[in-house]
Every structure is written in C-alpha cells, then in structure tokens.
Amino acid sequence: MLVAAAAAILIFLTAFSFWLTERVLGDAQREDQLNKFSTELTEFMETLRTAESSQRGYLIAGSPEFLDPYNQASPQLVPLAQELATKAPSKSAAQAAAAIIEPLSEKLEEMRQTINLMKVGQKESAVERLKDGFGRKLTAEIESRVREIQDDGRSAIQAEEAKTRLLEKIKAGIDAIGAALILTFSFLSLALLLRSNAATEEAQQALAKANFELEATVAQRTAALTRANQEIQRFAYIVSHDLRSPLVNIMGFTAELENLRDELFKGAEGQSIPAHFRSDFDESIGFIRSSIGRMDRLITAILSISREGSRPLSTEHVDTQALVQGLFDGIEHQIRAKGVTVEAGLLPSIVTDRMALEQIFANLIENAIKFLKPEGGGKVTVTGKVSGNEVIYTVSDNGRGIDPKDHQRIFELFRRAGPQDVPGEGMGLAFVSALVRRLGGTIAVESELGRGSIFKLTLTRSMAHRDRREP
Amino acid sequence: MNRPVTIVMIEDDPGHAKLIERNIRRAGVTNELIHFADYASSKSYFETLKKLPAGATPTLVLLDLNLPDASGTEILEYLKNHGHLKLIPVIVLTTADDEAEVKRCYDLGCNVYITKPVDPDQFAMAIRQLGLFFSVIKVPDPVNA
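Sequences listed follow chains A and B, in order.
Under this note's numbering, read the first sequence as residues 1135 to 1605, first letter to last.
Under this note's numbering, read the second sequence as residues -7 to 137, first letter to last.
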C-alpha cells in the first residue's frame, strides 16, 4: 500500500512537471511574440518619424530631394498600422492599434496638404500650418497609443512571468513535498520491513520455544502414561492373583461339600428327607461350579491381557501369507467339520512382532468361523494390500454380522454382541485391539446384521526396529 | 537311618492351608505338618533348625509365593543361602503361573512348582500327587551331601 502511494505521488509529480514545462514553453513563446510586436511598434513609430522629419526638412529647405524619405515611408504607414491591428497579441492591443489608424490618416492628410502647399509655392501657409501644432498633436496622440500598446504588452509579459515564477515556486514546493513524502514512505517501508522481520524472527523464536516446550510436555505426558500403564498392569496382575485365591477356596470347599454329599444323604437314609433335597443340592453345587469356572476364565483373560501388554515386542520380517495359511491348517478339522470355505488372497509381508500378528489373525479368523450362519455355506476370506507406508489386511466373512450399534462395544473387554449362543468370554476382540494398539496400528469393523463382517487391520509396513516395550 | 520328614507349610490363606492339609492326608501322608501363616514366624523356625545339625530333622517346605509380609521368593532365597538349609526340598505353590515367576523360582533352587488350579478335581489331584510325591521322596542324606 505504501509503495502504491509512493508510486501515485511520483506519477503526479512527473505529470505536473511536464505540464509546467509545457506552460513555461508557452509563456516563452508568448513573450517572444510580444517582443516581436513591440519591435514592430517601434519600427512603425520610426517610419512615422522618418516621414515627419522628411516633411519638415522639405518645408524648411524647399529642395525636393528632402522629400525622398517621405515618399518612401508614407505609403507604408497605413498598411503597417493595419498589420499591427491584426497582429496584436491581445484584444486591448488590437483595439488600441485600430485606434491608431484614424489619427494616422489625419496626420498623413496634414503632411500631404503641407507638402502640396509647398509644391505650389505657398511656403508661408505651409509653415503656418506646421506651426499651428495640429500635426504635432496627432503624432503625440499616435505615440501615446503606441506606448499604451507597448505598456499593455509589457505588463502582460510581466503577469505571465509572475505566474510562471509562481508555478515554478509551487512546483519546487511540491517537488520538495513529494521528495519528502517519497523519502518518508521509503523510511516507513524500511522500518515496517525491519519490524516485520523482527516480528518474524520473534515468532520463529516463540515457535521454537513452543516446540521445545511441546516436546517436554509430550515427554512428560508419555512418562505419565507409561506410569499409568504400568500401574494398570500391576493392578491387573495383583487383582487376578488375589481374586484367584478366594476362588481356589470356594472351589476346594465346594468339592469338600460334594465329597460329603453321599455320606450326608446316606446317613440320613430312612429319616424323612424330602426327595428333592438331593437334586436341589446337586443343582446348587452345579451353579457354584459353573460360576467359578466362568470367573476363573475371566481372571485368566485379564491376566493374559496384562501379560501381553508387558511382553517385549521384537520386530522381524513376517511372511503373512504363510502365517495365515498356517493358521488355516491348524484349524483344518474345524473348517472341514463346519463346511467352511477359507481363502487367503495375496498377502503382503510385513516387518512386525510375529507372535502378536499371529494372535491377531488367529482371533479374527476364529471369530469369523465361530459366528458363521448355522445353515452352512460359510466363507472366510483374508486379503491384504500395501497402501503407502501401511499394509491393510482384511478378514471378512458372510456370517451373521454385527449390529452397527455394537461396533464399538465388541472391542471392549468381556462385551459380546448378538445372541449368546456361542461359547466365549468376550475376550478375543479386546485382546486383538490391545495387540493392534501395541503394534501401532488400528482396527475397524464394517458390518451389518445378516450381511457378514469385515475386519480391517491397518499396520505400519515396517515397525520401528526397536523394542517397543510399553511396560 | 531315615527319620520321618516334617512338612513345613507356609501359606497365608487358611482355606488353602486346610485344603492342602486335607488332600495330603487323604493321599495317605501322615507326616507331621507345621503351618506358618507368614514369613516372620517361619523364619524363626528355620533359624532354630539351622542351629541343629544337618539331617537332625528332615524337612520339606510347601511354600506359597504370596505372603502378606514378604514375597515367597525371599524365603526361597533365604533357605538356599543358609548352610544346610539349602538341602531342604522346596515345593512352590501359587495361584498364578507367571512365567517369569516360575523361572525365578527354579533359578533360586525350588524343586517343584505347582499352580493351584481352580478346578477342584485338578486341585485335589495335584495335592494328592504331591502326597504320593512326599511318600516316595528321599530327603538328601546330609552326610553325603
């Protein structure tokens, strides 16, 4: 903006200078014209005086050779005066020049008359005529008119000159102001530039500082997270240990009671014990046992997740194709028994923790087979592709599908979706999700009820080659 | 020459202690069984034992790893580092089979490591086997050791 303003000022100054130069040139021309006119006026007056002095010389001397200048000059005078009138540089000068013609004619007439009188020998009356001053008066009048015209021209010139001088002064002033403005703008621009430079530098410094602080904050948060993670794992471990302890007692003493059962009822034989006592007793013991069994599995699940979280990961090149094929082979009997079609596309290999990847695939494939439709015709497909720095694997099935409202839930520990007609603890996907997180990947599900499910696993193509232990 | 083996059980959970004892008895093991519920009390017993000549009281230790006042591995370490006490066979009993823990116990010189299973039959079986184990076990002869 400042630059634009400076440019506008420069353009204006240049235009003004140009205009002023034109004007000064015009003034000079006018002055020249006026000067020429003035010269012509002077010439005219000289011609008149030549004619007049020739007339007088003739009247005094009486010899005709004195008349030569008169005869030469007098016929020029009227055309000269007319020319002056047309050439006049101003209206007033033209009027004044036109006004010369009348006294001029009278003067010429007077001179002609006196000369004619002299020619016919009446010298006395000619001199008399000269003496009465009429001729002189006319000359004076003409002269005064001429002077008037000259004065008029001179004052016009002076006025023009004054105007030009004023304009030149104004120009000088404007030039000075313009120069000052341009200088000011330049300085201002420079100052702004410097200031913006300083501001940029300051911002950069602030940014660097913020980055540094951010790094420190991230390190702090990471340490806090690591601590929290450690605590959770220790907690899980202790809890599972300590929960197991009473469970061992419950189970052990339930077994003790069961051992006593036969003796109890045997001892009471013959006495009136209702028949349903025996079956109620067995039923109660059965519930206690199955609950203990379930609780034990849950505790084992927590324990194994907590253990998996603390297992150090090792990276190696994994042939995913072979890994998945191996998993299919391992459950071949199940696949055959259920009549499932399994298919593995071309699976890109990956650098990651083999055991974790194997457990992820094992759980996903096992789930896919587990939740196929009971009427058969089940199909499980594993695909893979490389996408930039990542590998995307999918495990899809044409099974019973998962309601979209449960898509989040299925990854939570001990949560299951759909009809609970298949045994399980709601562990598998929670475990998978924990493993995928440890490998630095993501897992997502696309599914609709009755339409099968697609589990999409995204992992980095090459996990950083270091021990990614998250204690 | 063989004196009856005294079984020292260090187990803080009275239920577990009772179950272990019953199962051992059911397996036909009639040996004297001394029960300690914590590290400190068992330690004073071992201190006394240490002063007796080796083999005067043949002993076998059943050790629970989760004690209120110390980790079972501390007792294991203590036993394996104090003169003739290191000859005492130690059977570690625990609720969770943590791999690292199992390895550590064997490194420290435990002889057998048994996870307390929740399945009652399994538990009874394990303990009874332990009983059979006791009856055939030959406590190292201190003279030849």
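Please note that the accuracy of each hint is not assured.
[Said to hold, decoys possible] Label pairs and their in silico Cβ distance ranges:
no., chain 1, residue 1, chain 2, residue 2, range
1, B, H74, A, R1595, 26 to 34 Å
2, B, N103, A, V1520, 47 to 55 Å
3, A, S1413, B, R18, 34 to 42 Å
4, B, R18, A, Q1364, 36 to 44 Å
5, B, L44, A, E1417, 40 to 48 Å
6, B, N103, A, E1477, 35 to 43 Å
7, B, E24, A, K1504, 33 to 41 Å
8, A, A1353, B, R18, 55 to 63 Å
9, B, G75, A, Q1364, 36 to 44 Å
10, A, P1446, B, R18, 24 to 32 Å
[Said to hold, decoys possible] Derived pair list, reagent style SDA-like, types lysine to any residue, alpha-carbon separation capped at 25 Å:
no., chain 1, residue 1, chain 2, residue 2
11, B, K95, A, D1376
12, B, K10, A, I1384
13, B, K95, A, S1444
14, B, K10, A, A1207
15, B, K95, A, E1174
16, A, K1343, A, L1359
17, B, K10, A, E1580
18, B, K95, A, H1375
19, A, K1305, A, A1496
20, B, K10, A, E1466
21, B, K10, A, Q1367
22, A, K1400, B, S36
23, B, K10, A, L1144
24, A, K1271, A, Q1339
25, A, K1507, A, E1580
26, B, K43, B, L100
27, B, K95, A, Q1367
28, B, K10, A, K1305
Please keep in mind that the hints were generated in silico from the structure rather than gathered at the bench.
Built from N, CA and C at the ideal position, the CB exists for glycine as well.
Against the structure, the hints:
1. B:H74 - A:R1595: 26 to 34 Å: 56 Å, violated
2. B:N103 - A:V1520: 47 to 55 Å: With Cβ atoms ~53 Å apart, the hint holds.
3. A:S1413 - B:R18: 34 to 42 Å: 27 Å, violated
4. B:R18 - A:Q1364: 36 to 44 Å: 43 Å, holds
5. B:L44 - A:E1417: 40 to 48 Å: Hint violated: Cβ distance 54 Å, outside 40 to 48 Å.
6. B:N103 - A:E1477: 35 to 43 Å: Since the Cβ atoms of N103 of chain B and E1477 of chain A sit about 51 Å apart, the hinted range of 35 to 43 Å is violated.
7. B:E24 - A:K1504: 33 to 41 Å: 53 Å, violated
8. A:A1353 - B:R18: 55 to 63 Å: Distance hint for A1353 of chain A, R18 of chain B holds at roughly 59 Å.
9. B:G75 - A:Q1364: 36 to 44 Å: With Cβ atoms ~39 Å apart, the hint holds.
10. A:P1446 - B:R18: 24 to 32 Å: Cβ of P1446 of chain A to Cβ of R18 of chain B: about 43 Å, so the range 24 to 32 Å is violated.
11. B:K95 - A:D1376: Roughly 21 Å separates the two Cα atoms, so the pair holds.
12. B:K10 - A:I1384: 12 Å, holds
13. B:K95 - A:S1444: 16 Å, holds
14. B:K10 - A:A1207: Not satisfied, since the Cα-Cα distance of roughly 167 Å exceeds 25 Å.
15. B:K95 - A:E1174: 136 Å, violated
16. A:K1343 - A:L1359: 24 Å, holds
17. B:K10 - A:E1580: 53 Å, violated
18. B:K95 - A:H1375: Status holds; Cα separation ~17 Å.
19. A:K1305 - A:A1496: 93 Å, violated
20. B:K10 - A:E1466: 46 Å, violated
21. B:K10 - A:Q1367: Judged against 25 Å, a Cα distance of about 31 Å means the pair is violated.
22. A:K1400 - B:S36: The hint is violated at about 47 Å.
23. B:K10 - A:L1144: 108 Å, violated
24. A:K1271 - A:Q1339: 99 Å, violated
25. A:K1507 - A:E1580: Holds, because 17 Å separates the two Cα atoms, which is no more than 25 Å.
26. B:K43 - B:L100: With Cα atoms ~23 Å apart, K43 of chain B and L100 of chain B stay inside 25 Å; holds.
27. B:K95 - A:Q1367: 20 Å, holds
28. B:K10 - A:K1305: Not satisfied, since the Cα-Cα distance of roughly 119 Å exceeds 25 Å.
When each numbered hint is compared with the structure, violations occur for hints 1, 3, 5, 6, 7, 10, 14, 15, 17, 19, 20, 21, 22, 23, 24, 28.
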